[in-house]
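Q: Produce the entire structure from the sequences given, and follow the hints as far as they go.
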Amino acid sequence: MKKTRPLIAVLAATALVAAACGGDDDDSTADEPPAAEEPADAEEPAADEPVADEPMEEGALGSVRVEPGDAIQIRSLESITGDTSFLGIPNQRATSLAIADYGQIKGFDVDLGTPLDDLCSADGGQAAAQTIVADEQVVGVIGTSCSGAATAAGPLIGEAGMVLFSASNTSPALTSDQQGNAGENYNVGYYRTAHNDLFQGAAMAEFVYNELGLTTAAAIHDGDPYTDGLATAFTNAFEELGGTVTGYTAVAKEDTDMVPVLTEIAAGSPEALFFPIFQPAGDFIADQAPGVPGLEDTVLLAADGLLVDGFLQLEQSEGMYFSGPDTRFGENTNQSTGVSADAVLEAYDAEYGEAPSAPFWGHAYDATSILLDAIDAASTMDGDTLVIDRQGVRDYINGVSGYSGIIGTINCDEFGDCGSQKVTVIEHLDSSDIEASKANVVFEYAP
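In this text, residue positions in the sequence shown follow the numbering used here: the first is 1, and each later residue adds one.
Mixed in with the good hints there might be a few duds.
In silico lysine to aspartate or glutamate, DMTMM-like type, Cα no more than 25 angstroms apart, as pairs [as the list claims (entries may be wrong)]:
1. 438 - 257
2. 253 - 184
3. 438 - 346
4. 438 - 83
5. 106 - 136
6. 438 - 315
7. 438 - 427
8. 438 - 177
9. 253 - 287
10. 438 - 318
11. 106 - 427
12. 438 - 136
13. 422 - 177
By construction, these hints were calculated from the structure, which means they are not laboratory data.
A: Have a look at this one:
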């Protein structure tokens with residue numbers, strides 16, 4: 001898709017030129033010689049057509065110039081080490097596949113550079129973002145994996161005029177409350193293809209209350225914007241349905257002895273316990289909860305933070321329910337590359353020797369493709385040099401509507417929520433066959 005100057009901009013520029021040249025009807029030109037007449041057959045250019053070869057006007061955020069022989073620079077910022085690497089590595093790999101499938105932009109390669117690690121933390125996100133913004137050639141970033149990292153990385157990347165486009169951040173605080181109000185951690189220039197957890201919380205609440213028929217539930221988070229936001233979304237939605245929340249508390253990410261917190265939760269006798277947290281804390285809750293008096297029969301529930309191979313392979317995860325993005329992509333095809341979901345998975349397996357270990361690989365592929373489309377649309381040639389307008393990149397993504405992606409139809413709202421918002425709940429039955437469990441959908445939510 002190519003961009004031209006809007007008609008209103010062309011007309012405004014024409015008016016300014018006319019005013020500067022004395023275009024109004026006064027007597028200042030009375031003694032000037034008449035202008036030479038144009039040939040009778042000369043044609044006036046249409047008022048709504050931009051002048052040929054007119055360079056794109058630089059936006060308020062400046063531009064990036066890519067010289068001949070250099071590459072367009074974008075970056076990957078995901079959780080690629082430690083306990084949450086199962087979440088970030090598939091995102092990074094899908095980004096690489098998308099770049100390869102997309103190809104050059106106006107004859108220029110796209111370079112992902114050295115992948116950076118968000119460590120699934122605010123400190124990690126901030127440190128990596130500082131490295132990124134030090135390179136003024138970087139146009140945009142695919143990441144972060146974790147919402148907590150985005151709260152610190154987002155302001156730095158946004159202020160640098162770059163774009164931060166996440167495949168797996170889901171905290172409502174990063175975008176909006178879906179009622180027209182910006183979240184407390186919203187930053188201009190931030191986008192995501194992942195769902196907003198207001199929808200995931202509602203999905204799990206409906207499943208527990210309407211499908212399982214349970215009327216009491218408790219929730220545990222670990223203080224992270226993702227876990228707290230999702231636990232809150234669940235409890236609010238559960239109460240709105242008529243359920244009773246018997247407990248809401250937090251654990252520390254480094255805790256190993258969960259019995260004190262679980263004992264506190266057991267005092268309310270909840271029929272369900274929702275703990276949308278990460279490993280390793282999630283491992284200990286799943287292992288210790290059944291042994292706490294009062295929780296022997298409590299149904300254990302988690303979300304996409306634990307919907308990863310590393311957790312599903314643990315025996316204590318069997319019998320749990322997990323909410324997460326609907327990954328039944330079928331024959332969905334990315335409109336920018338023409339590559340289908342099945343083809344991406346085949347390429348992933350051929351390149352890396354395994355299936356993605358977390359559910360957001362399709363979201364990363366689509367986010368990368370949209371960013372590359374935006375760079376193409378916001379760039380012009382100045383001789384042999386590619387000039388990328390930073391504001392133009394954001395303007396393009398702001399206007400994305402009806403985009404056909406691996407994850408389905410993508411529409412970006414004013415706060416950067418671009419995801420399909422479709423959520424499913426799976427029942428995990430066998431830790432020795434986790435692929436079967438991932439496909440064992442027992443509830444779907446499509447707002």
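Q: Would you mind marking each hint as holding or not holding in the structure?
A: We went through each hint and held it up to the structure:
| no. | hint | result |
| --- | --- | --- |
| 1 | 438 - 257 | 29 angstroms, violated |
| 2 | 253 - 184 | 23 angstroms, holds |
| 3 | 438 - 346 | 18 angstroms, holds |
| 4 | 438 - 83 | 20 angstroms, holds |
| 5 | 106 - 136 | 20 angstroms, holds |
| 6 | 438 - 315 | 15 angstroms, holds |
| 7 | 438 - 427 | 8 angstroms, holds |
| 8 | 438 - 177 | 29 angstroms, violated |
| 9 | 253 - 287 | 16 angstroms, holds |
| 10 | 438 - 318 | 12 angstroms, holds |
| 11 | 106 - 427 | 47 angstroms, violated |
| 12 | 438 - 136 | 41 angstroms, violated |
| 13 | 422 - 177 | 17 angstroms, holds |
Hint check: violations occur at hints 1, 8, 11, 12; the rest are consistent with the structure.
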